[in-house]
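Enquirer: So you can see what is in the structure, the chains are spelled out below.
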Amino acid sequence: MSSVALQPGIGRLPRGRAHQRWRRFRNAFMLGLTGLCTLLVLIPLFLILYYVVRQGLPGLHWSFLANAPKPVGEPDGGMGNALVGTLELLGLAIVVGIPLGIGAGVYVAEFRGETFAHVVRFAADVLNGIPTIVTGMFIYGLVVVPLHHFSGWAGGLALAIILVPVVLRTTDEVLRTIPVSYREAALALGASRWDVIWRVVLRAAQPGLVSASLLGISRIAGETAPLLFTALNNSFWSFKLNQPMASLTVQIYNFAIAPYDEWHALAWTGALTLILLVLSLNILARLWSRWRSPRRTA
Amino acid sequence: MATSNPSSTNEPALSPAGGSLPLGLAPLPTREASPAGAPQETVVDARNVNFFYGKHQVLFDINLAVQAREIFALIGPSGCGKSTFLRTLNRMNDTIPGVRLEGEVIVNGRNIYAPGTDVIGLRRTVGMIFQRSNPFPFSIFENVAYGLKVNGLARGRREQEAVVESSLRAAGLWDEVKDRLHKPALALSGGQQQRLCIARALAIEPEILLMDEPASALDPIATTRIEELALELKAKYTIVIVTHNLQQAARISDRTCFFLMGRVVETGPTQRMFTNPARKETEDYITGRFG
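If you read the sequences in order, they're chains G and P.
Note that my numbering gives residue 256 to position 249 of the first sequence, counting from 1, and the numbers run on in steps of one.
Note that my numbering gives residue 1049 to position 1 of the second sequence, counting from 1, and the numbers run on in steps of one.
Chain G with its partners taken away, still in its complex shape (with noise of 0.2 angstroms):
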């Protein structure tokens, strides 16, 4: 024992070489596995990307975002209104819900050690975590009932009570990173409490805003279900938001249950309109937080 104490270690070395083999063939095998899991994560999502692309990509037409649905049996039937109405659900959701998120997200992550601010963080995960037919079910009681009538308001504000919390707390993280120093600098230099915030905290941070808002207008423009008794739907073109208003998720789901092979395809192609759509938000995301990260090359 004495020559093991005077090189620790050796001494529980002479496993030789079966051990190594057995060391390396289980990271082989490990490794392996999570590439496994990579790849069958991935399955499904090429296979539908794949699947909407070939059943609705031959419907993509001009006549497909230039018109409304027609009747059956009359040709170059689309989904215009249906484009058009989800960009207006989608704006006035985005008006109401983009602000409200970030000012709480501000408040709350400003007075981050104070109760009231763990309240309204816990709240904005609960609310997170509310079924969204939930919300559609309770503007449908809060705007629809009282109005007597379904409307693009009550739409986009039931999407406006979704995003809220998902903007909310991506706010609250994004500021989160912000390193305090920048908060000590900017207060040693005569900053008030809100020019910090403003000057400092919010422009650090206005990247990582951008595209968590981003992240969450693409979450809510694949929603259907709050819009089913809120906005309703709409088979012609109508600008109103006082009036029911079509969305592509409720035109898609309306044809798809239809028994009529063209409005199938409708359908289809309403779905690929729909994932562009979202794809290409997603996509702005990324690269608006890798053009606007602040990068330490001059």
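Hint data in this document are derived by calculation from the structure and do not stem from the laboratory.
Just so we're clear, the structure is a prediction, and the values are computed from it rather than from any experiment.
Take every hint as true, because none was put in to throw you off.
Below 20 angstroms or equal to it, Euclidean Cα-Cα: the simulated EDC-like pairs (lysine to aspartate or glutamate) are:
{"#": "1", "chain 1": "P", "residue 1": "Lys1226", "chain 2": "P", "residue 2": "Glu1209"}
{"#": "2", "chain 1": "P", "residue 1": "Lys1197", "chain 2": "P", "residue 2": "Glu1255"}
{"#": "3", "chain 1": "P", "residue 1": "Lys1197", "chain 2": "G", "residue 2": "Glu191"}
{"#": "4", "chain 1": "P", "residue 1": "Lys1226", "chain 2": "P", "residue 2": "Glu1213"}
{"#": "5", "chain 1": "P", "residue 1": "Lys1282", "chain 2": "P", "residue 2": "Glu1255"}
{"#": "6", "chain 1": "P", "residue 1": "Lys1197", "chain 2": "G", "residue 2": "Asp202"}
Starting from the known structure of chain G, arrange chain P on it as the hints suggest.
Expert: Then chain P, alone, in the frame of chain G:
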């Protein structure tokens, strides 16, 4: 703001770091420490300052006075409270919840802990340089102009450009960055970033500069530049510097204050402190027996 001649008589004798101990024997600047007879103006006066983090007391009965346009060094082992004390002078400790201060800190004749004190105005008068350089992730220009903007000092672009240039010149950084003012500040080297932070602090024309170990994260050459800069700035500003580096205190400060366990052990002219300390603890510390 004209930069004084870098080769002024205040040029410290910069002996290579790691000189022989005791440090007091290292060559010292041949300048008068707080010249006797000259009228002295006390700009910072701490009276019976006690400071608490919650129930935990970290400063005990601090009494010390800083004179106008001197470099006043705070030395002492880690955790002795020197940084905490420095941060009481511009009320940076206010940002920490649960802190409490007893006693008075008089800056320019006013107790800055009196109710109704304009903390923002105080921080305009008392600038601060931090241990780790902390430029904002904006351009060099915007960093220096930040204080002007939040304090509404220089309105036009022209005026801002003038102040940014003079501040960068005063911080000895202008020649290095004049061609890339609108490039990100984070692309600068560590020493340049720290000088940028000094320029940023100078832009709002403070009277007092607090430096919290400004060179501790820098290499020897960058450290030398910061020290030379401090000596130049002394012509216009009062500087209170916390340092772990005893040679640094010996090289640049006029007076030194030794902190130990939250108390002031001894304050005096730097040369005397390092050659002939009055207290045993001071001698033990500066000769490296502890700390």
